[in-house]
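**Student:** The chain contents come next:
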Amino acid sequence: DSGTLKKVRDSGSITLGIRESSYPLSYLDDKQQPVGYHIDVCKHIVDAVKARLKLPALKVHHQAVTSQNRIPLVANGTVDLECGSTTNNEARQKQVAFAPTTFVTNVRMAVKKASGIQSLSQLGGKPVATTTGTTSVQLMRAHEKGKGIDFKEVYGKDHADAFLMLETDRAVAFVMDDNLLAGLIVSSKSPADYAIVGEVLNVEPIAIMLRKDDPAFKKLVDEAVTGLMKSGELDKLYARWFMSPIPPKNVSMNFPMSEQLKALIKAPSDAPAESFNKK
Amino acid sequence: MNYHWNWGIFLEPVKSGDETYLDWLITGLGWTLAVSLTAWLLALTIGIAVGALRTTPSRLLVGLGNVWVELFRNVPLLVQMFLWFFVVPEFLPRDWSLWVKQEMPAKEFVTAAICLGLFTSARIAEQVRAGVGSLPRGQRDAALALGLTLPQAYRQVILPQALRIVIPPLTSEFMNVFKNSSVAFAIGVLELTFQARQMQEDSEQGIETYLAVTLLYFICAFTANRGMAWIEARTRVPGLIARSG
Amino acid sequence: MIEIRNVSKWYGHTQVLANASTHVAKGEVVVVCGPSGSGKSTLIKCVNGLEAFTQGTITVDGISVGDPKTDLPKLRARVGMVFQHFELFPHMNVLQNLALAQVKVLGRSQEEAATRGEALLDRVGLRAHAAKFPGQLSGGQQQRVAIARALAMDPICMLFDEPTSALDPEMIGEVLDVMVELAQEGMTMMCVTHEMGFARRVARRVVFMDHGEIVEDAPTGAFFDAPASARAKAFLSRILHH
Amino acid sequence: MIEIRNVSKWYGHTQVLANASTHVAKGEVVVVCGPSGSGKSTLIKCVNGLEAFTQGTITVDGISVGDPKTDLPKLRARVGMVFQHFELFPHMNVLQNLALAQVKVLGRSQEEAATRGEALLDRVGLRAHAAKFPGQLSGGQQQRVAIARALAMDPICMLFDEPTSALDPEMIGEVLDVMVELAQEGMTMMCVTHEMGFARRVARRVVFMDHGEIVEDAPTGAFFDAPASARAKAFLSRILHH
Amino acid sequence: MGEFDFSVWGPSLPFIRDGLLFTLRLTLVAMSGGIVIGTLLALARLSPIVPLARLAGAYVDLMRSIPLVLVILWFFLVIPYITGSPVGAETSAIITFTAFEAAFYCEIMRSGIQSVPRGQLNAAHALGLGRAQSMIHVILPQALRNMLPVLLTQTIVLFQDTSLVYAIGAKDMLKAADVVGKNYNRPVEMIVLSALIYFAICFSLSLAVKQLQKRVAIIR
Ligand SMILES: Nc1ncnc2c1ncn2[C@@H]1O[C@H](COP(=O)(O)OP(=O)(O)OP(=O)(O)O)[C@@H](O)[C@H]1O
Ligand SMILES: Nc1ncnc2c1ncn2[C@@H]1O[C@H](COP(=O)(O)OP(=O)(O)OP(=O)(O)O)[C@@H](O)[C@H]1O
Ligand SMILES: [Mg+2]
Ligand SMILES: [Mg+2]
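Chains as they are written, first to last, in my numbering: chain A, 1 to 279; chain B, 1001 to 1245; chain C, 2001 to 2242; chain D, 3001 to 3242; chain E, 4001 to 4220.
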């Protein structure tokens, strides 16, 4: 073995990168333990590593990562598997490798139902919230319906803050990945007040991230993930996290699997976002 | 290092738009300077006033000054930023609250500058008080004995000396303002840290981005340091060895 | 000119002035002496209201210092004061030191103030140093500037608080010379000092303090030749001993 | 005991000692005086190597101070020094001040050091103050402790740099008394001081300095009665004037 | 958001406590390590060996010119390349804060050393004490006493700055509060709670500093 597998064998431990509020892919529950769909996927990968290395007592560490530091931390060896909500795109593929896509998100917007907003074209002159470091506003500008419309952008330092902008009327819409919007809405004070509406601004394949140029490890991860897909285990995990009550509030997101993901489960792929959004 | 370097990234156009990443960083630098300098002016004005109040014979004024300082220096800036932005407007009457939240021009900038300004003012007040305290008491007596009123004594005699004495700590504080302004991204000011996050997300060249931003902050702080050194040299009094401590 | 009647002062529980009474008539020079901590500085600072006192009355030229209605800055502008550590304003040059209060308090123009300042610098022999900063002068020169600064306000009387005790021995003479000259011109002066030679030459009376009390208040000759109290006797022997 | 031969010293381009030569024999007391800035402190600090000098030689008890091979700490431990501002260590009590160098330099035990310290405190009349901190003592008391601290090292000679000039006039006597006593017991002493009464009483010779030069080096009587140089004459008249 | 609901404070307490313990541990370690290293740096800056003084000066200036958040981030990214193996966020935080605060404590100790009158060093030398002995027994104890209030004030700043470890995902008090706030969707209430806790601790500390100042101040 070389690369990650050697490192894991030598240190007797593997480090998973986790996100703290990427509902329901990877987040902290009410005991502040990492849980979520991607955490479960990673557990299966770790099992595969244990089996491969014959190390049943392999220690698993968790390292919280942010969208700022996740790539350098994977590159510098702090994190072996990033089990968060990272979009697989061409630029990132220069830095890191991805497991086959396990989730597909659509960038849309959340609004208060009472506002009556249904489309990008209704946002002229209105404040629109998004999260610092994400590129949703650029996507809006780039979208044909968004062309020529003058948005006022407001930024939250994380998704919760950005949602707070919508909640406190600092913004009329919050543009973000739809699973995250759905997660924020179900855990909000009055979920019935919000709706996810409007055009799909971008389709993004989300996948587990690992170090680049480590074919042995990549192969192991790929096999573990495709194994999950083939065995139908991934569908169960999906149902567990998207269609049934989840912590901390024990409500269900009711977020059925998209056609794109169904297709990807039949034909696993680690193709980047660009191949989904060809104009 | 398992990293794909690309130093040309700064001149490349951003993913969606006609700007380059360099343009983003320059915009960020502009807002960083705007927030920092506005906050610094606010902090100096209030800090000197509050610091001076705390050295007056009036117990009431001293007490008010103390409350001010303790209030603003005992809570982390990040938390204060959040409180100013999300909590304070909720206590305003509904119309005002909505105005502040939606209509107020450059509301993130205004909030960040005020918050950073007040936070820094508490530290300046503390230094000014120490500076005044380190002057021999005789200076105040001498000014009063000549018939100057207490405000005149402060204006003409006490503050000019105290401020000269506290230039070194003020220098650090000025450098801190630039560094602390990075917290303003938390409420969505489009300053350097904000642009850095944006750029690294958009370009995936995080290390180059953060190196560039670190360098820019360093330049800001260093310029602030040199600027204060220049002021210190300009205001140096021949034959006066700073009596500090 | 200066009337001190039954003045007492406490800092918390410690009494620093105990029922002190004395006076300085117009044109008179009175020297105050006594051991360290006996309350000399406190007493003299009460005269122009730099220290508040707890009981008693002090009047200067008929104006009561302790009266809350008195305009203290105005009173102080008419009473010159010279301190042990000179207390020139170190960030202003000599002429600016002399001009500041003339302009801000008396409302003189800058030119008037400068002219008056230069005349006084001439008088204390420091005309050439007008543009220097205090830190560039010797102690004796600084103290002479401080005297000039007080005189620039045309005071009706002068208070001195150990004006020579922070000076190198060779500079004491130059400051005392200026003070002797002032006294001979008829300035009303109240001086805290241990320079007994000076006291003998120009003081009408000597006030001896100990523990906040005025123990002795006697004509100069009588004080030196036959101090009435044992305390004054012991004090004199200590400071004249060497 | 102390031999100073042709010593010169420059700070950058300013010369602060110019070819100074003098000596102090065993058991002799020499007083050094002169105007402020004339180099008195610099000269006396050269004697125990606190200041380096540029040219010339100084030997103490036959050991050359300027020689790079000399163990300066060891030499200094044998030369007592007393400063204008006492320089007691403010964070230690009186007895600890006396014990520190005895323990760390001479290697005495704490008990030995304390016993010796107490004996010396007795001698300067401060036994009762052993447990106090310097800040709780008057200036005169502090200076007596400083003398005791130097004596605790059993020095072969003592250097004094204006030991009384930071004191209130009434405290000067108590310090001079201790110094006179030391002199009478035969301690070798080199004293920078302006206390001319002290000089007259115990000094064998007076050294007068001006601008870094030793202008006069004469037996005490001759110096006071008929100073040879105009500079010394002028200086004496300035400091004896009042 | 209208009405506030402070009932989330109850269930959050265990997490707040854990976060606070980390914050306190980080503060204590960084303070003690920072003061020791800072004192050594100060001695280096004041040393007559020019390259040593320059090097220490450059280190201090660099640290003082970069926002702490970025220093935290850099250390986290760079330490694995130095040590050869990755370190956890908490270890990294402790190393970073010690190294960063050392620069600030260095400046405090330097002015503390310079605030001791020069005569004290002369007096120590005149008694035969060597350089190191004079430093250890005479100068540093006074510098430390003179600067104690400033050192502690800096520690209060350090205590607040620990909130910036969010950048590398270590779980301090603010982070714990933040997570609870997100779980219960009561971010504002949790921020208010952490503000109160920070205020209570920092304010009591600064009162304690004032008391201490009276007690340890050298009687002059
Ligand atoms: N702010 C103060 N608080 C408490 N006590 C004070 C204060 N100022 C002065 N004192 C005390 O008042 C007493 C008189 O002080 P004052 O300065 O008038 O004495 P002095 O005779 O001028 O002494 P010196 O010769 O040392 O100048 C002293 O015992 C002093 O300790
Ligand atoms: N570190 C220094 N750098 C430059 N010049 C100095 C320094 N120390 C002393 N001098 C100068 O050396 C000269 C002699 O100083 P020194 O302290 O020996 O005089 P002194 O006779 O002891 O005076 P005083 O009576 O004021 O104590 C002075 O002109 C002084 O300005
Ligand atoms: Mg006094
Ligand atoms: Mg000297």
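You may find that some hints are simply not true.
Unchecked claim - Okay, derived cross-link-like pairs now, DSBU-like style, lysine-lysine, Cα gap no bigger than 30 Å in a straight line:
1) LYS189(A) x LYS230(A)
2) LYS1015(B) x LYS126(A)
3) LYS3132(D) x LYS4214(E)
4) LYS147(A) x LYS1015(B)
To be verified - Restraint ranges, calculated between C-beta atoms of paired labels, are given here:
5) PHE1091(B) x ASP193(A): 17 to 25 Å
6) HIS3023(D) x SER2008(C): 56 to 64 Å
7) PRO1057(B) x ILE2063(C): 16 to 24 Å
8) ALA2052(C) x ARG3078(D): 16 to 24 Å
9) GLU3111(D) x LEU4212(E): 28 to 36 Å
None of these hints come from the bench; they were simulated from the model.
Each residue gets a CB set at the ideal place from its N, CA and C atoms; glycine is no exception.
**Student:** Could you run down the list of hints and mark each one as holding or not?
**Tutor:** Evaluation of the provided hints:
1. LYS189(A) x LYS230(A): Roughly 39 Å separates the two Cα atoms, so the pair is violated.
2. LYS1015(B) x LYS126(A): holds (24 Å)
3. LYS3132(D) x LYS4214(E): Status holds; Cα separation ~17 Å.
4. LYS147(A) x LYS1015(B): With a Cα-Cα distance of about 16 Å, the restraint between LYS147(A) and LYS1015(B) holds, given a limit of 30 Å.
5. PHE1091(B) x ASP193(A): 17 to 25 Å: holds (23 Å)
6. HIS3023(D) x SER2008(C): 56 to 64 Å: holds (59 Å)
7. PRO1057(B) x ILE2063(C): 16 to 24 Å: Since PRO1057(B) and ILE2063(C) have Cβ atoms about 22 Å apart, the given range 16 to 24 Å holds.
8. ALA2052(C) x ARG3078(D): 16 to 24 Å: violated (55 Å)
9. GLU3111(D) x LEU4212(E): 28 to 36 Å: holds (33 Å)
Against the hints set out earlier in the document, violations occur for numbers 1 and 8.
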